[in-house]
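Whenever a hint applies, use it, and build me the whole structure from the sequences.
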Amino acid sequence: PHTAHKDFDFFFASYIVEDMESTWVPALIDGHEQWRKLDNRGTEPWGRMYGVPRDEEYRQMIFDGRYGDVKDSAGIEAYCYSRPIIVCHKQDTGLACVTLIEPEKNRILCGQKHQYETAHDFTFSGDLEPGELLTGKARLVVRKIGAFPDAIRELDRMWDEFKAALAGDNQH
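Those letters in the sequence shown? Residues 1483 to 1654, by the numbering used here.
No wet-lab data here; the hints were simulated from the structure. Some hints could be false.
Cut-off 27 Å, straight-line C-alpha distance, at most; resulting in silico cross-link-like pairs (DSS-like, lysine-lysine) [claimed, not checked]:
#	residue 1	residue 2
1	Lys-1519	Lys-1488
2	Lys-1488	Lys-1572
3	Lys-1587	Lys-1645
4	Lys-1572	Lys-1626
5	Lys-1619	Lys-1488
6	Lys-1626	Lys-1519
Just the calculated beta-carbon pair ranges, DEER-fashion [unchecked claim]:
#	residue 1	residue 2	range
7	His-1484	Ala-1560	38 to 46 Å
8	Asp-1574	Pro-1612	50 to 58 Å
9	Tyr-1598	Gln-1516	27 to 35 Å
10	Gln-1597	Leu-1648	32 to 40 Å
11	His-1487	Gly-1513	27 to 35 Å
12	Pro-1612	Trp-1517	37 to 45 Å
13	Lys-1519	Gly-1650	31 to 39 Å
14	Phe-1493	Ala-1649	20 to 28 Å
15	Arg-1639	Lys-1572	29 to 37 Å
Using N, Cα and C, we set each Cβ at its ideal position, and we do this for glycine too.
Structure, rendered in C-alpha coordinates:
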(Lines of atoms letter the chains of each structure in order from A and count residues from 1; the text may use other names and numbers.)
(Lines give C-alpha, C1' and ligand atoms only; values in the text may rest on other atoms or scores of the structure.)
Protein backbone atom coordinates (compact mmCIF):
# COMPACT_ATOMS: atom_id res chain seq x y z
CA PRO A 1 0.00 0.00 0.00
CA HIS A 2 0.99 3.61 -0.43
CA THR A 3 -0.39 4.69 2.95
CA ALA A 4 -0.54 3.06 6.36
CA HIS A 5 -3.76 1.35 7.43
CA LYS A 6 -4.11 0.21 11.04
CA ASP A 7 -6.09 -2.95 11.93
CA PHE A 8 -6.68 -4.13 8.35
CA ASP A 9 -8.83 -7.26 7.90
CA PHE A 10 -8.94 -9.28 4.68
CA PHE A 11 -11.76 -11.83 4.73
CA PHE A 12 -11.43 -15.18 2.96
CA ALA A 13 -14.66 -17.06 2.30
CA SER A 14 -15.10 -20.76 1.66
CA TYR A 15 -18.49 -22.18 0.73
CA ILE A 16 -19.17 -25.75 1.85
CA VAL A 17 -22.07 -27.85 0.58
CA GLU A 18 -24.91 -28.52 3.00
CA ASP A 19 -24.21 -32.26 3.05
CA MET A 20 -21.57 -31.31 5.62
CA GLU A 21 -24.06 -30.71 8.41
CA SER A 22 -22.11 -29.05 11.22
CA THR A 23 -19.55 -26.37 11.97
CA TRP A 24 -17.14 -26.72 14.92
CA VAL A 25 -14.59 -24.38 16.52
CA PRO A 26 -12.28 -24.74 19.54
CA ALA A 27 -13.63 -22.32 22.15
CA LEU A 28 -11.69 -20.87 25.04
CA ILE A 29 -13.95 -21.31 28.09
CA ASP A 30 -12.64 -20.40 31.55
CA GLY A 31 -9.05 -20.82 30.34
CA HIS A 32 -9.65 -24.27 28.80
CA GLU A 33 -10.36 -25.45 25.28
CA GLN A 34 -13.80 -26.89 24.56
CA TRP A 35 -14.92 -27.79 21.07
CA ARG A 36 -18.24 -26.13 20.27
CA LYS A 37 -20.73 -26.98 17.56
CA LEU A 38 -22.07 -23.68 16.24
CA ASP A 39 -25.80 -23.11 16.00
CA ASN A 40 -25.60 -21.72 12.49
CA ARG A 41 -27.76 -24.07 10.43
CA GLY A 42 -31.15 -24.11 12.16
CA THR A 43 -33.19 -21.73 10.01
CA GLU A 44 -34.21 -21.80 6.37
CA PRO A 45 -33.30 -20.55 3.89
CA TRP A 46 -30.63 -18.60 5.81
CA GLY A 47 -28.91 -19.56 9.03
CA ARG A 48 -27.79 -17.35 11.88
CA MET A 49 -24.55 -15.52 11.21
CA TYR A 50 -21.74 -16.45 13.55
CA GLY A 51 -18.46 -14.89 14.56
CA VAL A 52 -15.86 -16.23 16.98
CA PRO A 53 -13.20 -13.60 17.75
CA ARG A 54 -9.59 -14.26 18.72
CA ASP A 55 -9.76 -12.21 21.91
CA GLU A 56 -11.73 -9.62 23.84
CA GLU A 57 -9.77 -6.77 22.23
CA TYR A 58 -11.01 -7.77 18.78
CA ARG A 59 -14.55 -8.35 20.11
CA GLN A 60 -14.56 -4.67 21.12
CA MET A 61 -13.35 -3.66 17.65
CA ILE A 62 -16.30 -5.52 16.07
CA PHE A 63 -18.68 -3.28 18.00
CA ASP A 64 -16.88 0.05 17.41
CA GLY A 65 -18.69 0.69 14.10
CA ARG A 66 -15.84 -0.05 11.68
CA TYR A 67 -17.90 -2.75 9.94
CA GLY A 68 -21.06 -0.67 9.66
CA ASP A 69 -24.11 -0.60 11.85
CA VAL A 70 -23.37 -2.28 15.18
CA LYS A 71 -26.87 -3.83 15.08
CA ASP A 72 -25.59 -5.93 12.15
CA SER A 73 -23.03 -7.60 14.46
CA ALA A 74 -25.49 -10.19 15.78
CA GLY A 75 -24.17 -13.72 16.09
CA ILE A 76 -20.87 -12.87 17.76
CA GLU A 77 -20.35 -15.74 20.18
CA ALA A 78 -19.92 -15.06 23.90
CA TYR A 79 -16.55 -16.84 23.84
CA CYS A 80 -13.31 -16.51 21.89
CA TYR A 81 -11.51 -19.25 20.01
CA SER A 82 -8.54 -21.03 21.53
CA ARG A 83 -6.91 -21.82 18.16
CA PRO A 84 -7.89 -20.50 14.71
CA ILE A 85 -9.41 -23.72 13.40
CA ILE A 86 -12.79 -24.06 11.73
CA VAL A 87 -14.23 -27.48 10.93
CA CYS A 88 -17.05 -28.35 8.58
CA HIS A 89 -18.08 -31.89 9.50
CA LYS A 90 -20.35 -34.79 8.60
CA GLN A 91 -20.81 -36.80 11.79
CA ASP A 92 -21.93 -40.15 10.31
CA THR A 93 -18.99 -40.46 7.89
CA GLY A 94 -16.39 -38.41 9.76
CA LEU A 95 -15.57 -36.45 6.60
CA ALA A 96 -14.35 -32.94 7.36
CA CYS A 97 -13.06 -29.78 5.73
CA VAL A 98 -10.61 -28.37 8.26
CA THR A 99 -9.19 -24.87 7.92
CA LEU A 100 -6.15 -23.99 10.04
CA ILE A 101 -5.01 -20.36 10.07
CA GLU A 102 -1.76 -18.74 11.18
CA PRO A 103 -2.58 -17.55 14.72
CA GLU A 104 -0.78 -14.22 14.58
CA LYS A 105 -2.62 -13.23 11.40
CA ASN A 106 -6.21 -14.21 12.23
CA ARG A 107 -8.71 -12.28 14.34
CA ILE A 108 -12.08 -13.91 13.63
CA LEU A 109 -13.73 -17.08 12.35
CA CYS A 110 -17.13 -16.28 10.88
CA GLY A 111 -19.78 -17.15 8.35
CA GLN A 112 -23.40 -18.04 7.77
CA LYS A 113 -25.56 -20.82 6.36
CA HIS A 114 -26.85 -19.82 2.95
CA GLN A 115 -29.62 -21.46 1.01
CA TYR A 116 -27.45 -24.19 -0.54
CA GLU A 117 -24.13 -23.99 1.29
CA THR A 118 -22.50 -22.63 4.43
CA ALA A 119 -19.84 -19.93 4.47
CA HIS A 120 -16.75 -20.63 6.55
CA ASP A 121 -14.77 -17.41 6.62
CA PHE A 122 -11.57 -16.22 8.28
CA THR A 123 -9.35 -13.16 8.20
CA PHE A 124 -5.77 -12.30 7.58
CA SER A 125 -5.32 -9.22 9.73
CA GLY A 126 -2.68 -6.71 10.66
CA ASP A 127 -1.37 -3.22 10.12
CA LEU A 128 -0.59 -2.28 6.53
CA GLU A 129 2.63 -0.31 6.13
CA PRO A 130 3.75 1.49 2.96
CA GLY A 131 6.09 -0.72 0.97
CA GLU A 132 5.62 -3.73 3.26
CA LEU A 133 3.90 -7.02 2.46
CA LEU A 134 1.13 -8.38 4.66
CA THR A 135 1.27 -12.15 4.38
CA GLY A 136 -0.48 -14.98 6.16
CA LYS A 137 -0.78 -18.73 5.85
CA ALA A 138 -3.71 -21.09 6.05
CA ARG A 139 -4.13 -24.79 5.34
CA LEU A 140 -7.27 -26.58 4.16
CA VAL A 141 -7.41 -30.31 4.84
CA VAL A 142 -10.23 -32.48 3.48
CA ARG A 143 -10.30 -35.97 4.95
CA LYS A 144 -12.02 -38.26 7.39
CA ILE A 145 -11.32 -37.38 11.01
CA GLY A 146 -13.95 -39.55 12.71
CA ALA A 147 -16.88 -38.48 14.84
CA PHE A 148 -16.79 -35.86 17.58
CA PRO A 149 -15.52 -35.97 20.27
CA ASP A 150 -12.96 -38.57 19.07
CA ALA A 151 -12.16 -36.35 16.06
CA ILE A 152 -10.40 -33.91 18.40
CA ARG A 153 -7.29 -36.13 18.53
CA GLU A 154 -6.96 -35.94 14.74
CA LEU A 155 -7.52 -32.17 14.81
CA ASP A 156 -4.78 -31.83 17.42
CA ARG A 157 -2.40 -33.77 15.13
CA MET A 158 -3.28 -31.55 12.17
CA TRP A 159 -2.68 -28.45 14.27
CA ASP A 160 0.71 -29.71 15.46
CA GLU A 161 1.75 -30.44 11.85
CA PHE A 162 0.60 -26.99 10.73
CA LYS A 163 2.44 -25.24 13.57
CA ALA A 164 5.62 -27.22 12.78
CA ALA A 165 5.37 -26.18 9.12
CA LEU A 166 4.92 -22.52 10.14
CA ALA A 167 7.97 -22.74 12.42
CA GLY A 168 10.02 -24.27 9.60
CA ASP A 169 8.94 -21.48 7.21
CA ASN A 170 10.02 -18.85 9.75
CA GLN A 171 13.55 -20.28 9.93
CA HIS A 172 14.24 -19.44 6.27
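Each hint tested on the structure:
1. For the suggested pair Lys-1519 and Lys-1488, the alpha carbons sit about 33 Å apart, so the restraint of at most 27 Å is broken.
2. In summary, the hint linking Lys-1488 to Lys-1572 is not supported, as the alpha carbons are separated by about 39 Å, beyond the 27 Å threshold.
3. In summary, the hint linking Lys-1587 to Lys-1645 is supported, as the alpha carbons are separated by about 13 Å, within the 27 Å threshold.
4. Simply put, Lys-1572 and Lys-1626 have alpha-carbon atoms about 9 Å apart, close enough for the 27 Å limit, and the pair holds.
5. Between Lys-1619 and Lys-1488 the alpha-carbon distance is near 20 Å, which keeps this suggested pair within the 27 Å criterion.
6. Pair hint Lys-1626 plus Lys-1519 holds up; C-alpha atoms about 18 Å apart against a cutoff of 27 Å.
7. Under the hint 38 to 46 Å, the C-beta atoms of His-1484 and Ala-1560, about 40 Å apart, fit the expected range.
8. With their beta carbons about 52 Å apart, Asp-1574 and Pro-1612 fall inside the hinted range of 50 to 58 Å.
9. Take Tyr-1598 and Gln-1516: their Cβ atoms lie about 30 Å apart, and the range 27 to 35 Å holds.
10. For Gln-1597 and Leu-1648, the Cβ-Cβ distance of about 36 Å falls inside the hinted range of 32 to 40 Å, so the restraint holds.
11. Checked against the hint of 27 to 35 Å, the pair His-1487 and Gly-1513 passes, with Cβ atoms roughly 33 Å apart.
12. Range check, Pro-1612 to Trp-1517: about 41 Å between beta-carbon atoms, so the 37 to 45 Å window is met.
13. At about 33 Å, the beta-carbon gap between Lys-1519 and Gly-1650 stays in the expected band of 31 to 39 Å.
14. For Phe-1493 paired with Ala-1649, a C-beta distance near 26 Å keeps the hint of 20 to 28 Å intact.
15. A hinted range of 29 to 37 Å for the beta carbons of Arg-1639 and Lys-1572 is inconsistent with their spacing of about 19 Å.
Of the numbered hints listed earlier, those contradicted by the structure are 1, 2 and 15.
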